[in-house]
Every structure is written in structure tokens, then in C-alpha cells.
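**Q** Below are the chains, spelled out letter by letter.
There are 2 protein chains.
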Amino acid sequence: MNNAVVLLSGGLDSATVMAMAKQQGYICYALTVDYGQRHYAELAAAERVAQVLGAIEHRVISVDLTGFGGSALTDKRIAVPEQTTTGIPPTYVPARNTIMLSLALAWAEVLQVQDIFIGVNAVDFSGYPDCRPEYIAAFESMANLATKAAVEGKSLTLHAPLLHLSKADIVKSGTRLGLDYSLTVSCYQADSNGRACALCDSCQLRRAGFKTAGIIDPTRYRITG
Amino acid sequence: MNNAVVLLSGGLDSATVMAMAKQQGYICYALTVDYGQRHYAELAAAERVAQVLGAIEHRVISVDLTGFGGSALTDKRIAVPEQTTTGIPPTYVPARNTIMLSLALAWAEVLQVQDIFIGVNAVDFSGYPDCRPEYIAAFESMANLATKAAVEGKSLTLHAPLLHLSKADIVKSGTRLGLDYSLTVSCYQADSNGRACALCDSCQLRRAGFKTAGIIDPTRYRITG
Numbered sequence: 068m069n070n071a072v073v074l075l076s077g078g079l080d081s082a083t084v085m086a087m088a089k090q091q092g093y094i095c096y097a098l099t100v101d102y103g104q105r106h107y108a109e110l111a112a113a114e115r116v117a118q119v120l121g122a123i124e125h126r127v128i129s130v131d132l133t134g135f136g137g138s139a140l141t142d143k144r145i146a147v148p149e150q151t152t153t154g155i156p157p158t159y160v161p162a163r164n165t166i167m168l169s170l171a172l173a174w175a176e177v178l179q180v181q182d183i184f185i186g187v188n189a190v191d192f193s194g195y196p197d198c199r200p201e202y203i204a205a206f207e208s209m210a211n212l213a214t215k216a217a218v219e220g221k222s223l224t225l226h227a228p229l230l231h232l233s234k235a236d237i238v239k240s241g242t243r244l245g246l247d248y249s250l251t252v253s254c255y256q257a258d259s260n261g262r263a264c265a266l267c268d269s270c271q272l273r274r275a276g277f278k279t280a281g282i283i284d285p286t287r288y289r290i291t292g
Numbered sequence: 068m069n070n071a072v073v074l075l076s077g078g079l080d081s082a083t084v085m086a087m088a089k090q091q092g093y094i095c096y097a098l099t100v101d102y103g104q105r106h107y108a109e110l111a112a113a114e115r116v117a118q119v120l121g122a123i124e125h126r127v128i129s130v131d132l133t134g135f136g137g138s139a140l141t142d143k144r145i146a147v148p149e150q151t152t153t154g155i156p157p158t159y160v161p162a163r164n165t166i167m168l169s170l171a172l173a174w175a176e177v178l179q180v181q182d183i184f185i186g187v188n189a190v191d192f193s194g195y196p197d198c199r200p201e202y203i204a205a206f207e208s209m210a211n212l213a214t215k216a217a218v219e220g221k222s223l224t225l226h227a228p229l230l231h232l233s234k235a236d237i238v239k240s241g242t243r244l245g246l247d248y249s250l251t252v253s254c255y256q257a258d259s260n261g262r263a264c265a266l267c268d269s270c271q272l273r274r275a276g277f278k279t280a281g282i283i284d285p286t287r288y289r290i291t292g
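Line by line, the protein sequences are chains Y and D.
This note's numbering puts the first sequence at residues 68 to 292.
This note's numbering puts the second sequence at residues 68 to 292.
Derived from the structure by calculation, the hints contain no laboratory data.
Every value quoted in this text rests on a predicted model; they were computed, and no experiment measured them.
Treat the hints loosely; a few may be bogus.
Which copy? The list can't say, so a pair holds if one copy fits it or any two copies do.
What the hints assert, rightly or not - Straight line, CA to CA, 20 Å or less: simulated SDA-like cross-link-like pairs of lysine to any residue: (1) Lys89 with His226; (2) Lys143 with Asn211; (3) Lys278 with Ser233; (4) Lys215 with Gly136; (5) Lys215 with Ile155; (6) Lys221 with Met68; (7) Lys239 with Gly281; (8) Lys221 with Gly103; (9) Lys89 with Ser249; (10) Lys89 with Gly103; (11) Lys278 with Arg262; (12) Lys89 with Asp236; (13) Lys143 with Cys264; (14) Lys215 with Ile145; (15) Lys239 with Glu124; (16) Lys143 with Leu178; (17) Lys221 with Arg105; (18) Lys239 with Val190; (19) Lys278 with Arg243; (20) Lys221 with Pro157; (21) Lys278 with Leu223; (22) Lys215 with Asn164; (23) Lys143 with Ser208.
Based on the sequences and whatever the hints tell you, model everything.
**A** What follows is the structure in C-alpha cells.
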């Protein structure tokens, strides 16, 4: 069996990715990045998902991006939009995926692991630049020059199995794998109990995903929606 | 005048890079990464250099890489070698430059800055994979797909002006620019007063650099060397 580092935010997408990695026979080292995100309940969700899906180890690493700000998720003065936006939304966190993948790369290198999984998605992707296929390919190329393993000729694979799936397809895949989505928190403004707002971009995408998939949405909402 | 984010460790190389960026007319936002490095005196040195070279702002961001370990600089159980090593030395920190550049990218994106400076060097480079020209080029390509600015067609330049210089040439360049190297700390096991061991890789490279350049070495050593 192979080992893999899996970036696990506690949201729907990364939980699905971890279920997929497990299904493919990987032993999963789950990595959660506490970057000062507004939706702190996500971190508790990551803990639950890592446990339920049997991560061999779960690390939470802190890097406080609120010092840089520039996003509704890392600067409380910027509101989370509660209607559909066009273009790159204010919830985009500058260079977040690059930072998270870099940390995953560091851990993978220490563990001598050649596989990293990330739950980025280019279909219902909220317009984030660092969720595009060409970005993922470029990160993988860079990573394959960055490490001791690279110098030794071992190649690293960056797996993004959700890249071309719709949210409905993601929900269907996870459900087929027996994943309990009530464990996960996607909402950008979840309360401390992990209950979702039903209004933000992330909630809207998630709700529409369950609806289109024809699967009952187990998300706990603060309001009736 | 253009703005730039400059990665400033407090060592000789990054201080030289900041002096070069300033000379080229850039307004410098200095970024120091506290990654739990053994040579903590480096951080105080970064503070001094940022001030003396007139950084418009100096940020220190923390990301605790001791949780991953895997390097003599982040795991106190691994000794810093006190003689020349072959291959990639134990002081190499897995994915360190990738993490630091990712953080610089995040700040640059928030500041809407298109230039990042880093003091990597491929000549006297201690054998680090992430100091090679092909790595720097790959990071720049990735960065040019990663951000909102990239989507808007603005291109980011990753400047590594020391890449092809010897340590002696670096010392000569900084000296010409009036840089006071006594402000900087390169030693991997500097004491809390910033005094160097004279024995580690980094000290040996630095000492040889001053010697070859024919410039008096202002480094404060703990022992007479």
C-alpha cells in the first residue's frame, strides 16, 4: 500500500477526496491548515473526518494569513457575499492553495511520500484562480524540481480527482463510498456548532449539488432553507 | 517607483538582495518567515536589516515547521554538521523555499505587487534542491497561474539576482552598495546574541566568501577562527 498526504479542510470536497484516496488503497496522512479562516468550525469537522476515514495521522498546521488579509475569509471587515457573484469572489484567499500545497509538499518530503491529494474543483469552483487544471499542473511541475526526492529522480504526483466533476457528481461519488456528509462543514460563516448559513457561495454550491444529485442534504442549517 | 516583496531571512544573501532591490529603485516590503529555525538570532538580524535598508514595512509570519521536522534546522535531535558534507546536507529544510515563496506570493497578491525578490544562490548553495535555476523558473511559472492578477493578465517576476554569483561576488556586490554585513547572521547555530560558530556549512561559506573577496569579515564569532 502507498502512503499519501491528503489536504483535508473539513469541507465536502476534501472529505470526498480522502474517501477516494482510501478507496484507491492509500494510507492517508491528513493535513489541515489553520490559516485564521473565518469558518473555524471547519477545523473541528476536519478532525471528525480524519478520524472516521481512518487517517493514520492528522496534523493541523497554523499559518496566520489574517496578517495579510485581502479576503472575506481572513479579514472580518470584508463581508461574505450572500448572493451569487461574478468573477473572482471576495472569499478568494490570495495564494491559499499554493501555501497549503507547499505545506503538504514539506510533509510529504519528510514522510518520503510521493502522492498528494487536494480537493480543488474547476467546475463549480467559485471562480478561484488556484483551482484551475493549468495551475495544478504547474504546481506539480514545480514540486518535481523542489525536493530532495526530485533530485534523486523520484516523481511526485499531485492528485486532484474532483477537478472536472460537478458538485452533484462529487456528492454522488462520496455517497457511493459511504461518506457521511453531515460530518463536513462547507459554510464560510458556519457558527461555532458547525451550522451553515445556507446563503454564502459555498452553501449555495453545496445545496445545489445535493439537489441535482437527488440526495438528501444532511447539512445542519441555522435557518430553514 | 515599483513595489516589491523581498524575502529577508536576516542572513548575508537576503540582505544583499534587499540592498540590490533598493538600488534598482524598488520600494521594499520585507517578509521574514519564522519557521521555528534553530538559529533564532536570524530573526533579530532581519529586523535590523529591514530597518537600516528602509523597508516600507517588515512582516514576520510564523509557520511552525518543527512539527514536520526532517532537518537539522527544525529538529534539534539532528545535529548541524561542522565539516563539509557531500550531497544534500542535513540542514536542508524540506520545501522551505516553496513555503516562503508561497507566503511572499500571498502578500504580493494582497499588496498588488508584481515583483518578488529571493536570495537563493546556485553556486555556493550548500546543495539545496530549491536553490536551482530550474526550480526558480518553475515557481515563477506556477505563480503566474496562481493568482487573481495572473487571471487578469498581469505577470509576476521572481527575481533571484544572486542565482549565479559566488559568495565572494555577493559580498563584493553588497559592500559596493554600502551594506554593513555585521548586521546579518548566517550561522545555523548562532547564539542568542547572534554570534556565529565559524564551523557550520553556512559559516564556512560565508568566511570563504569574505576571504576570496579580500574584504574584512565583520562577523562576530564565538571562537577565534
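**Q** All hints are to be evaluated individually against the structure, with a verdict given for each.
**A** The hints, checked one at a time:
{"no.": "1", "hint": "Lys89 with His226", "in the structure": "within (13 Å within a copy, 41 Å between copies)"}
{"no.": "2", "hint": "Lys143 with Asn211", "in the structure": "neither (37 Å within a copy, 28 Å between copies)"}
{"no.": "3", "hint": "Lys278 with Ser233", "in the structure": "within (12 Å within a copy, 62 Å between copies)"}
{"no.": "4", "hint": "Lys215 with Gly136", "in the structure": "between (33 Å within a copy, 15 Å between copies)"}
{"no.": "5", "hint": "Lys215 with Ile155", "in the structure": "between (36 Å within a copy, 7 Å between copies)"}
{"no.": "6", "hint": "Lys221 with Met68", "in the structure": "within (17 Å within a copy, 43 Å between copies)"}
{"no.": "7", "hint": "Lys239 with Gly281", "in the structure": "within (9 Å within a copy, 69 Å between copies)"}
{"no.": "8", "hint": "Lys221 with Gly103", "in the structure": "neither (34 Å within a copy, 28 Å between copies)"}
{"no.": "9", "hint": "Lys89 with Ser249", "in the structure": "within (19 Å within a copy, 53 Å between copies)"}
{"no.": "10", "hint": "Lys89 with Gly103", "in the structure": "neither (28 Å within a copy, 32 Å between copies)"}
{"no.": "11", "hint": "Lys278 with Arg262", "in the structure": "within (19 Å within a copy, 64 Å between copies)"}
{"no.": "12", "hint": "Lys89 with Asp236", "in the structure": "within (18 Å within a copy, 52 Å between copies)"}
{"no.": "13", "hint": "Lys143 with Cys264", "in the structure": "within (16 Å within a copy, 45 Å between copies)"}
{"no.": "14", "hint": "Lys215 with Ile145", "in the structure": "between (41 Å within a copy, 17 Å between copies)"}
{"no.": "15", "hint": "Lys239 with Glu124", "in the structure": "neither (27 Å within a copy, 48 Å between copies)"}
{"no.": "16", "hint": "Lys143 with Leu178", "in the structure": "between (36 Å within a copy, 18 Å between copies)"}
{"no.": "17", "hint": "Lys221 with Arg105", "in the structure": "neither (38 Å within a copy, 29 Å between copies)"}
{"no.": "18", "hint": "Lys239 with Val190", "in the structure": "within (15 Å within a copy, 53 Å between copies)"}
{"no.": "19", "hint": "Lys278 with Arg243", "in the structure": "within (16 Å within a copy, 67 Å between copies)"}
{"no.": "20", "hint": "Lys221 with Pro157", "in the structure": "between (38 Å within a copy, 19 Å between copies)"}
{"no.": "21", "hint": "Lys278 with Leu223", "in the structure": "neither (36 Å within a copy, 41 Å between copies)"}
{"no.": "22", "hint": "Lys215 with Asn164", "in the structure": "between (22 Å within a copy, 13 Å between copies)"}
{"no.": "23", "hint": "Lys143 with Ser208", "in the structure": "neither (35 Å within a copy, 32 Å between copies)"}
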